[in-house]
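Novice: One letter stands for each residue in the lines below.
Protein chains: 2
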Amino acid sequence: MRTATVIGTGLIGTSVALVLSTRGVRVHLRDHNSERLRTAAALGAGTEEPPEGPVDLAVVAVPPAHLTATLAQAQREELAHGYIDVGSVKGRPRRELEKLGGDLTSYLGTHPMSGSERSGPLAASADLFEGRPWVLTPTPETDTEVLNLALELVALCRAVPVVMDADAHDRAVALVSHTPQLVSSLVAARLESADETAVRLCGQGIRDVTRIAASDHRMWMDILSANPGPVADVLSEVAGELGRTVEALRALEAAEESQRTEGVEAIEAILRRGNAGRSRVPGKHGQAPASYDTVSILISDRPGELARIFADAGEAGVNVEDVRIEHATAQEAGYVQLMVEPSQVSALTAALRERGWGIRRQ
Amino acid sequence: MRTATVIGTGLIGTSVALVLSTRGVRVHLRDHNSERLRTAAALGAGTEEPPEGPVDLAVVAVPPAHLTATLAQAQREELAHGYIDVGSVKGRPRRELEKLGGDLTSYLGTHPMSGSERSGPLAASADLFEGRPWVLTPTPETDTEVLNLALELVALCRAVPVVMDADAHDRAVALVSHTPQLVSSLVAARLESADETAVRLCGQGIRDVTRIAASDHRMWMDILSANPGPVADVLSEVAGELGRTVEALRALEAAEESQRTEGVEAIEAILRRGNAGRSRVPGKHGQAPASYDTVSILISDRPGELARIFADAGEAGVNVEDVRIEHATAQEAGYVQLMVEPSQVSALTAALRERGWGIRRQ
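Quick mapping for you: the protein sequence lines, in order, are chains W and S. Each number in the numbering used here corresponds to the 1-based position in the first sequence with 86 added. Each number in the numbering used here corresponds to the 1-based position in the second sequence with 86 added.
No wet-lab data here; the hints were simulated from the structure. No residue lacks a Cβ here, since even glycine has one placed at the ideal position from N, Cα and C. Certain hints may be false.
[Claimed, not checked] What the simulated footprint calls covered on chain S by chain W, stretch by stretch (three residues with Cβ under 8 Å from a Cβ of chain W suffice, anywhere in the stretch; the number is not a length):
no., segment
1, 109–118
2, 206–220
[Stated by the list, open to error] Stretches of chain S that chain W covers, calculated by requiring three or more beta carbons in the stretch to come under 8 Å of a beta carbon on chain W:
no., segment
3, 228–238
4, 269–275
5, 292–300
6, 313–327
7, 334–347
[Said to hold, decoys possible] Computed far set for chain W versus chain S, every beta-carbon distance over 10 Å:
no., residue
8, Ser120
9, Asp281
10, Ser311
One chain only, chain W, in its complex shape (with noise of 0.2 Å):
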């Protein structure tokens, strides 16, 4: 690839240009919006010039609403030898694209997997797509030369090529992005009209069910209006199942044990099935975040503690695998919880204790 241009300089499209300028590659971008335009040139992301003559590759990132419009109108220019887009949802802008007489053969659905809770250009970043993965939608219908653009461009982006169907890709994320939003926003706006009290018994769970629900509201109004259908296809599923599980908690309260004793089957089988999906969700190099086990170390606010733990876990020779804080809610004092192999365990223990650390797990 020698040339593209970049439709859209918000995150993902200055992110994109920036990876590819990086690689030698010459690219023109374009932006309705001129100042955002001036700021992606600016940061290096390329040049605010027209491409002379058709560029290799047309990567389209502009938001869903305008998504196909501008995937047809480049193609009327002649503006590149490939088109890809990189939008959330990737069924519909192809079956539009259709319907407005564009060329299926020269376009390929992408999408990038590698969220921000930040958005515009200058939240954009050369590594943004590192060891992610980047999802491709080839059909029959594709030129294979416009699948290797693709590729090319996802190799630059050191991102992890999956190939998918269309409408599958929409289904999977509708169940491990899209349901899980809206899940968690429900679950939050039931914390709107608490009382005071009872907000203050929140713990580590429901602040990580809910981290999410404080996620732009107007980005995801834009995604979900792309994938309504297979939204709802798992939304009702799980509505299904809450409306069962709100059955068999009453039946715990029932006069007959028969039914008592449904009821305490159907609730553990949703605990353990919720156990073995969870198993299924990748963690660190895609294991099990189950294989972790946890050493909790009590830390005050003094500047600098995070820094001496990490320093003695490493002095100790222990690799630390994920961290979390948990903060004590009414004075300064909290826990940093290490999740560590199981056999490192011990020795971190053992040296963090030597070094007078509190460790809460024995």
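Based on the hints, put chain S in the right spot on chain W.
Specialist: Chain S alone, transformed into the frame defined by chain W:
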């Protein structure tokens, strides 16, 4: 308080006993499981010998199913002047004790909000309760001396006393703890039979939402069995809203524009209410988590990288408020997200860049 008996030497009971023994209270331990009892005594939690006369306070720390019978039995024995339990549900034990003819003046229901994913005496720690809320549920009948014994215990444990009505407590934990647990399990359960490719697309969002789905299903069955009514009430509200969300998503695909507009409004309302509810969840020192900014730093898996980052942040005079490690899925690289006061973002970014770290945020 000079003497106490702790009945049940699991995580909570042994931790309470460790605190009291450390502070000079003579603690008698009791457990029908003699091995667990010996372990707790060996850890220095107290003596296995029974007290000679009534102790000041009896702390009942047995599983919910045995709670009321154990309390009533202790009262019949005239084991203590005051009796508290530390179970996670408060309305039912009180009502059951009344039915069993127990004495409600010398009994106070309490709930220390300090769970752990571990259980048993070996996981116990004298600092388990530090800075955590400890709910007390006195009624007009409660003997003031018993309330004061409980307040003394909470103070010795360095926990923060929170007075609540027993039923209000049960509704509150249904909202902030039991419902999030079941919702997390239900979302995770949907992954049990998901395609491997879909599971590969899991990101930090679903990872957070489903973390507590890995919790011990037996322990949660006990907790939910003791609080079915309030949990069913909250969960059926969530189920109702989920159902309406499904309808709103289907409306986005409607032919009529007015229907589509209604769908958009309904979904936007949920996302916004999620934002509002989430902003009430207390973070560090009770501050809203939204008040911190995130700086993402690229790290490899080389030992000592975390220690170096924290040391560099410390040298730059920046106080790290929270930390999260966000791993890449398919290679060794990942990000460390440092949460800092917004005013410190540029200083931290500049200092880390200068020391050679790759920063995602501009």
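Novice: May I ask which of the numbered hints given earlier this structure violates, with the numbers listed in increasing order?
Specialist: Going through the list in order, the structure violates hints 1, 3, 9 and 10 and respects the others.
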